[in-house]
Amino acid sequence: MGLEVAFRSKELRSTCESPAKAKRELGEGAAAALRRYLADLEAAETVAELVEMGLDFENCGSKVGLIRFGLSEGRHLYCEVNHQHVPMSGEAVDWSKVSRLKVIHIGGDL
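For the sequence shown, position 10 matches number 175 in our numbering, and the numbering has no gaps at all.
Since the hints were made in silico from the structure, they are not lab data. Please read all numbers here as calculations on a predicted model, not as lab measurements. Please note: incorrect hints may appear among the correct ones.
Subject to a maximum C-alpha distance of 27 Å in a straight line, what follows is the list of computed DSSO-like cross-link-like pairs (lysine-lysine) [what the hints assert, rightly or not]:
#1 K188 x K267
#2 K186 x K267
#3 K186 x K175
#4 K175 x K188
Start from the sequences, fold in the hints, and give me the full structure.
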């Protein structure tokens with residue numbers, strides 16, 4: 166079934182669902198990377214599986230459960246855990262239990 170992906174806004178959903186819009190807004194390289202990441206999100210059941218697939222993401226220290234994927238041209242795909250309570254293992258997020266993400270920003274740094 167894949168990770169459940171939600172979007173902070175209709176605008177973000179539209180950018181993610183329309184390759185032409187993504188290309189206009191982000192540039193060709195970042196739009197292509199965005200499509201690949203979204204396809205990988207659909208293929209994985211948990212965020213931990215993304216790591217097993219070889220996808221790199223960066224934990225953003227500003228908020229627990231906030232991660233970013235590098236696209237290109239200085240742009241990133243920012244997602245946050247979209248569970249009512251962030252699954253934790255001690256003081257770290259338990260990515261093997263994260264099956265829901267919310268896209269909150271696409272672009273430069275937050």
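These are the hints, each one checked on the structure:
1. K188 x K267: Holds, at roughly 21 Å.
2. K186 x K267: OK: K186 and K267 at ~20 Å, within 27 Å.
3. K186 x K175: Holds. K186 to K175 sits at ~13 Å (cutoff 27 Å).
4. K175 x K188: holds, 17 Å
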